[in-house]
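Going line by line, the protein sequences match chains A and B.
Add 15 to a position in the first sequence, counting from 1, and you land on the number used in the working numbering.
Add 15 to a position in the second sequence, counting from 1, and you land on the number used in the working numbering.
Keep in mind that a hint or two might mislead.
Keeping only pairs whose Cα atoms sit at most 30 Å apart, straight-line, the calculated DSBU-like set for lysine-lysine is [stated by the list, open to error]:
(1) B:Lys97 with A:Lys127
(2) A:Lys48 with B:Lys131
(3) B:Lys160 with B:Lys187
(4) B:Lys180 with A:Lys51
(5) A:Lys48 with B:Lys59
(6) A:Lys160 with B:Lys36
(7) A:Lys51 with B:Lys48
(8) A:Lys48 with B:Lys179
(9) B:Lys160 with A:Lys17
(10) A:Lys99 with B:Lys99
(11) B:Lys157 with A:Lys48
(12) A:Lys36 with B:Lys97
(13) B:Lys48 with B:Lys62
Restraint ranges, calculated between C-beta atoms of paired labels, are given here [as the list claims (entries may be wrong)]:
(14) B:Glu132 with A:Ile34: 27 to 37 Å
(15) B:Val119 with A:Lys131: 30 to 40 Å
(16) A:Asn182 with B:Thr98: 31 to 41 Å
(17) B:Lys99 with A:Phe64: 38 to 48 Å
(18) A:Arg28 with B:Ile34: 34 to 44 Å
(19) A:Lys36 with B:Lys157: 18 to 28 Å
(20) A:Ser114 with B:Asn31: 28 to 38 Å
(21) B:Asp106 with A:Ser114: 53 to 63 Å
(22) B:Lys17 with A:Ile30: 47 to 57 Å
(23) B:Lys127 with A:Asn31: 16 to 26 Å
(24) A:Glu21 with B:Lys127: 23 to 33 Å
(25) B:Arg28 with A:Phe64: 24 to 34 Å
Honestly, the hints are just simulated from the structure, not real lab data.
Note that CB positions come from ideal geometry on N, CA and C, so glycine has one too.
Protein chains: 2
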Amino acid sequence: MKELEEKILCDGRIINNDIIKVDSFINHQIDPKIFKDFAVHVKKHFKDFKIDKILTIETSGIAVAYAVASELGDLPLLFAKKTKSAITTDDVYATEIKSFTRNVFNNVIVSKRYLKEGENVLIVDDFLAEGNAALGLINLCKQAKANVVGVTVMIEKGFQGGRKKVNELGIKVYSGAIIKEFKDNKPVF
Amino acid sequence: MKELEEKILCDGRIINNDIIKVDSFINHQIDPKIFKDFAVHVKKHFKDFKIDKILTIETSGIAVAYAVASELGDLPLLFAKKTKSAITTDDVYATEIKSFTRNVFNNVIVSKRYLKEGENVLIVDDFLAEGNAALGLINLCKQAKANVVGVTVMIEKGFQGGRKKVNELGIKVYSGAIIKEFKDNKPVF
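Bound-form chain A, shown alone (with noise of 0.2 Å):
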């Protein structure tokens, strides 16, 4: 998505060549226009998928999972609750997530209520890094015996292996612009 990377390129900020901070149009302050440039992309590349529910993470996960749920054809969309306990209960599945930016686990549930058997899961997120939140998800959908139709994001880090252990598991990642480095805090596409 050229739209994106001229996005990420004028308003990302770059810090320690490592982090990059994108809160003036994703993740504090939201522009819903590169949103909905990125879902009716998402919409184009899983057409000839049936997905039935998407499902992302709170918090930041949140709004680019409504953009793409509302350019699907107002699909119900699921978020992932952090909560205190990572045990699966009578009432809701749990897992553990570790948060690459801030270095912690954070447990994360659904409540079984809202994720069912053989239910078509398109997971969505801001941003793929290590994978750990996408392979979390994807381990909620397992619990539920939902099939995962694939993980989508706007940004994904190309050189921290999220890509290739979500692929491991036969579950394809589309993204809206992947950052193969960052060279003299900038990143390149």
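Dock chain B against chain A, hints included.
Below, chain B alone, put in the same frame as chain A:
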């Protein structure tokens, strides 16, 4: 909004004649259709006002605020973040907000980069109960010298005084559905 009242009656779950759970279509699983219907009503209600920016608070405000920002012509949407410290610094405006459902205090911040003097801000959230979130967001706008055009929420619990507190600051409230009371574990509009 008749559609929203019907949805609440049909899919909402009341606990102890006090708390209403709408996690099947608002704050765990999301139904984009009802969010869009609400956003259309908000647009109509505020059609005579100049609005530059939408402000909400993570987590469950984000999707409804996105729907409104989108309907109002892809306005920038800013979500206040929960954080550890409630101290206003060179970078952020901070305040403290009491959570009605969890009975804890959250420190919330917005970056000074994204909330500016003279901006016309519409505050959007999923719920209005005691008004704590709304008052906290108004406080952040006051610190930034931004103008609050109004407060709009999908569901108002009319018996908990939030509207009165917001109105006393000279700010109007528009709600998609107002629950007057719970009776026999059912909402009365």
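Okay, the hints, checked on the actual structure:
1. B:Lys97 with A:Lys127: holds, 27 Å
2. A:Lys48 with B:Lys131: holds, 21 Å
3. B:Lys160 with B:Lys187: holds, 18 Å
4. B:Lys180 with A:Lys51: Answer violated: Lys180 (chain B) to Lys51 (chain A) is near 36 Å, above 30 Å.
5. A:Lys48 with B:Lys59: The given pair, whose Cα atoms are some 21 Å apart, holds under the 30 Å limit.
6. A:Lys160 with B:Lys36: holds, 26 Å
7. A:Lys51 with B:Lys48: holds, 16 Å
8. A:Lys48 with B:Lys179: violated, 35 Å
9. B:Lys160 with A:Lys17: Cα-Cα ~36 Å, so violated.
10. A:Lys99 with B:Lys99: holds, 17 Å
11. B:Lys157 with A:Lys48: Within the cut-off at roughly 28 Å; holds.
12. A:Lys36 with B:Lys97: holds, 18 Å
13. B:Lys48 with B:Lys62: The given pair, whose Cα atoms are some 21 Å apart, holds under the 30 Å limit.
14. B:Glu132 with A:Ile34: 27 to 37 Å: holds, 30 Å
15. B:Val119 with A:Lys131: 30 to 40 Å: Given a distance of about 32 Å, which is inside 30 to 40 Å, the answer is holds.
16. A:Asn182 with B:Thr98: 31 to 41 Å: Hint holds: Cβ distance 35 Å, inside 31 to 41 Å.
17. B:Lys99 with A:Phe64: 38 to 48 Å: About 41 Å separates the Cβ atoms of Lys99 (chain B) and Phe64 (chain A), which means 38 to 48 Å holds.
18. A:Arg28 with B:Ile34: 34 to 44 Å: About 41 Å separates the Cβ atoms of Arg28 (chain A) and Ile34 (chain B), which means 34 to 44 Å holds.
19. A:Lys36 with B:Lys157: 18 to 28 Å: holds, 27 Å
20. A:Ser114 with B:Asn31: 28 to 38 Å: holds, 34 Å
21. B:Asp106 with A:Ser114: 53 to 63 Å: violated, 21 Å
22. B:Lys17 with A:Ile30: 47 to 57 Å: holds, 49 Å
23. B:Lys127 with A:Asn31: 16 to 26 Å: holds, 22 Å
24. A:Glu21 with B:Lys127: 23 to 33 Å: holds, 26 Å
25. B:Arg28 with A:Phe64: 24 to 34 Å: holds, 33 Å
Checked against the numbered hints above, the structure violates hints 4, 8, 9 and 21; every other hint is satisfied.
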